[in-house]
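Generate the whole structure from the sequences, applying the supplied hints.
Order-wise, the sequence lines are chains A and B.
The first sequence begins at 1 in the numbering used here and counts up one residue at a time.
The second sequence begins at 1 in the numbering used here and counts up one residue at a time.
Keep in mind that the hints were calculated from the coordinates and are not lab data.
Warning: the hint list may mix true and false statements.
The list makes no distinction among identical chains, and a pair is therefore deemed to hold if it is satisfied within one copy or across any two copies.
As the list claims (entries may be wrong) - When the alpha-carbon atoms are kept at most 30 Å apart in a straight line, the in silico DSS-like pairs for lysine-lysine are as follows:
#1 Lys240 - Lys310
#2 Lys27 - Lys4
#3 Lys145 - Lys246
#4 Lys119 - Lys147
#5 Lys119 - Lys278
#6 Lys278 - Lys7
#7 Lys303 - Lys466
#8 Lys304 - Lys517
#9 Lys90 - Lys168
#10 Lys168 - Lys31
#11 Lys517 - Lys488
This structure is a prediction, so every number in the text was calculated from the model and none was measured.
Spelled out, the chains give:
Number of protein chains: 2
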Amino acid sequence: MAIKTVKNAAGRTVPLEINGLPVIPYKGVGKHKPEGRKYGPPIPSCSDYPDDGNKVVASLEEALRKCGLKDGMTISTHHHMRDGDLVSNKIFELASSMGVRDLVWLPSASFPCNDPVIKYLADGTINRIEGSMNGPLGRFVSEGKMKGTAVLRSHGGRVQAIQDGEVKIDIAVLAAPSADSFGNAKGTGGTSACGVIGYGKTDSMYADKVIVVTDNLIDLPCFPMEIEGNYVDYVVVVDKIGIPEKIVSGTTQITKSPDRLLIAELTASFLEKSGILKDGVLMQAGAGGTSLAISVFLHEILKKKGWKSKLGFGGSTKYMVKMLEEGQMGYILDAQAFDLDSVSSIERNPNHVPYPVFNAYNYHSKGNITSMMDIMILGATEVDLNFNGNVVTHSDGYLLHGIGGWQNCLHARNVILPVPLFRDRIPVIVDEVTTLCGPGELIDVIITERGIAINPLRQDLIDSVKNSGLPLKTIRELKDEAEKICGKPQKPQFEEDIVAAIKWVDGTVIDVVRKIKT
Amino acid sequence: MAIKTVKNAAGRTVPLEINGLPVIPYKGVGKHKPEGRKYGPPIPSCSDYPDDGNKVVASLEEALRKCGLKDGMTISTHHHMRDGDLVSNKIFELASSMGVRDLVWLPSASFPCNDPVIKYLADGTINRIEGSMNGPLGRFVSEGKMKGTAVLRSHGGRVQAIQDGEVKIDIAVLAAPSADSFGNAKGTGGTSACGVIGYGKTDSMYADKVIVVTDNLIDLPCFPMEIEGNYVDYVVVVDKIGIPEKIVSGTTQITKSPDRLLIAELTASFLEKSGILKDGVLMQAGAGGTSLAISVFLHEILKKKGWKSKLGFGGSTKYMVKMLEEGQMGYILDAQAFDLDSVSSIERNPNHVPYPVFNAYNYHSKGNITSMMDIMILGATEVDLNFNGNVVTHSDGYLLHGIGGWQNCLHARNVILPVPLFRDRIPVIVDEVTTLCGPGELIDVIITERGIAINPLRQDLIDSVKNSGLPLKTIRELKDEAEKICGKPQKPQFEEDIVAAIKWVDGTVIDVVRKIKT
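Below is the structure:
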């Protein structure tokens, strides 16, 4: 069946229907005004829950049965167990053995440890994944092997879609490092501590049924209640929800590559010279090796100047924790902790606060914190001459990973992409991104080891550094330079079939990924 | 127009319509199963909110105008400013001057300081109050002078009604002792500190528009975010939101009456001898003089036995704080702080935690904490031979006060009503309560200065104290004794007109209050 397509406001051809549901084509930044009302899950009654508050059932299978697991349901999970997740695969293993088919999996992200679900995608237990897909999973999708069409959303877009009822969660299965028998749950304590579990908050609020799975059942009350027991149907106690050393890194590692260090230095220097870095600055960086180096450089500047960042938004790392502890950062608001230092900081420092993506990233909210961030450090697989960014596919056309918070973060005041000019001899700056994930008007500065390109829309930034001695170039100059070294990369070849839709933060479809031609 | 009436499951005659809206008659405890979905407020978009997160507008009037205040709207407020509230009256003063009519006021409670709204009830600015009404306000309603019909809900019933969409809040105006410009708000800090502002949480989540009014604008981020800025439209900064000495008592006062002290002693003794008081007990008491004395006695027993209450649910007082600080209580979960010691405890003790009624009392939730409480100390204006309780009218038939959390608390394991046998020579135990607020099957023990009556449904409790030496009586014996002293009280006379509906915790109507015959 041929599905009608249309060119959206970004000039990308998108279908008017995905997985049988109508599509709103991307209209431009801030242009789509939502109508209607937030999703209302069924009204529960205390009379259906035990008076003693004890919701513990014997097994995940029993909990799934009690939740009425059946064909076609949408099952959500969060990714706080990261590559140590022992819960998600188990759900589908059980579903498969129960003969349930055509499930939709809505993870907040997936990791290599989730590759075994390929089996359940192949045998029909899972119809599709709406979420990130890396490595073998991405390849499986790119090769057109998934029955349904993938839907990729940003972390905030996932919240938006759940809140708005674009996706309806039948059963949320939320792994919890600590929980009480009522279902109050948190990310600290026990042997599977991950710091925070805020990615599950929206799921708990909007899912019809909620299962908390823990390996550390503690006495009531479990505080802080990152997940509120009032939203929880069943609690399952298992031996292990995760493999500790894969949940958080023992320690996050700064890049050792001289090129990446140069990029980090240039970024810090740019932020200082442009005046973006200032006393009271609000900042967010990532946990990649280059981002960590940038954090360290920025920390040094703050110390030197006697400045203090008002708050940092995490993904937290030990380098942010250091800023907090040494007095160069007022608060860490934390959506996920990347290393052990961060987990322990959350446990003991009252200024290191769990801060769910619900509050940080949801675009269908009465404002959120991303638009207030002065410094936003992001990555990209590709950036094009119009500053458009791609984070989901590589230049070979394969789905590489999810959007994460990337689209949401584009709404910050100053969006800086420190990227290498090329990776494995493939240029990062291209004529046109393979997949459009973020419109160029929101991307302000590209910083490479061979120069800095500022988006012409940000004349203020161009002016701020014009006599700074920084190696300013146009984005075209950067692209030409890369191609001089690497040659012009071959464009990937695609079939017509759409294997994944890329949602914008407002629920519209900004682009699609097509089946790779093999 | 005659509205059809029906006898509900408690045998009370209730109308099938109130304020033009259909009524579900009370069906019995746990019998009404809600259908349908939670209310979905309109979906907002960040594109309509300032990127810098600054939602401060010049005045409450401007905020109300921006919220589109118009005839017939429902305006909600919380009561955390208690008798020092300087915000609620102001709303209606402004509305009146703007020529707006027929508003519905949905406070979480009202206080004597709110009596000035009588003017706006009289001039048509306010159609009706859905909430508690004391003193002159109650008299105004009882005399049939309010245009609409009052709807009285418990604290949890108010949450339920908002969540379920039975009442739709157009504008929530939430006073906040501290708030940042994004609208994150809390109950501590500044000169109007009240400890917690959790009664406003549901309002913020479900109202179409939310205004935070503060006299203490603090730097972002305001933590803890009892009100999340993501739900807030406007922030208004005023000189004073409340009169400090009327917001919380300087100190809560234990009763000095010998009779009340005897009741308190008997209560503590009953709880000890029945085995209800135990190591790990979950308890809740009030802030009345007798309740405070009970707390002190229970504290002494806990200390003597070397026991520790797992948690206390507040309304917190300095006597609970003492238990927490001296090690006889693990946590205080707090919905409102009654005195300065409690406010300061919340500010500094991590085990004294804000705990909104949303989580504590809502019956349309997946369980809540009240059903887990071992000890629940409550009051009543009347109790009848079937252990039914009344808390809203006096025996003279006048509306005296709101339901508060009373109905919600009836779901505790052991509901104890320490009440004097008579007040001002009017017996508390009557043949039949004037207004039915809580069904007798949920009320376990009546403790008076002249004896203890245990509900025959609680044979287990009767057995537990049968050889205890406690002055056990039947409720009829207590009633007869009171009448021997005071004589049989005259029944109040009513007109047919219904002035107030009493909702049960599930949104059904358990009784009504009729116009007083004068």
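Results for each hint:
1. Lys240 - Lys310: Only across copies: Lys240 and Lys310 sit 27 Å apart there, 38 Å inside one copy, limit 30 Å.
2. Lys27 - Lys4: Result: close within a single copy only, 17 Å intra versus 53 Å inter.
3. Lys145 - Lys246: within (28 Å within a copy, 68 Å between copies)
4. Lys119 - Lys147: Only inside one copy: Lys119 and Lys147 sit 12 Å apart there, 66 Å across copies, limit 30 Å.
5. Lys119 - Lys278: neither (51 Å within a copy, 53 Å between copies)
6. Lys278 - Lys7: So Lys278 and Lys7 fail the 30 Å test inside a copy (42 Å) and across (70 Å) alike.
7. Lys303 - Lys466: within (26 Å within a copy, 72 Å between copies)
8. Lys304 - Lys517: Cα proximity of Lys304 and Lys517: none, with 54 Å in one copy and 79 Å across.
9. Lys90 - Lys168: within (21 Å within a copy, 42 Å between copies)
10. Lys168 - Lys31: This pair counts as both: shortest intra-copy Cα distance 25 Å, inter-copy 28 Å.
11. Lys517 - Lys488: Answer is within; shortest intra-copy Cα gap is 20 Å, inter-copy 93 Å.
Hint check: violations occur at hints 5, 6, 8; the rest are consistent with the structure.
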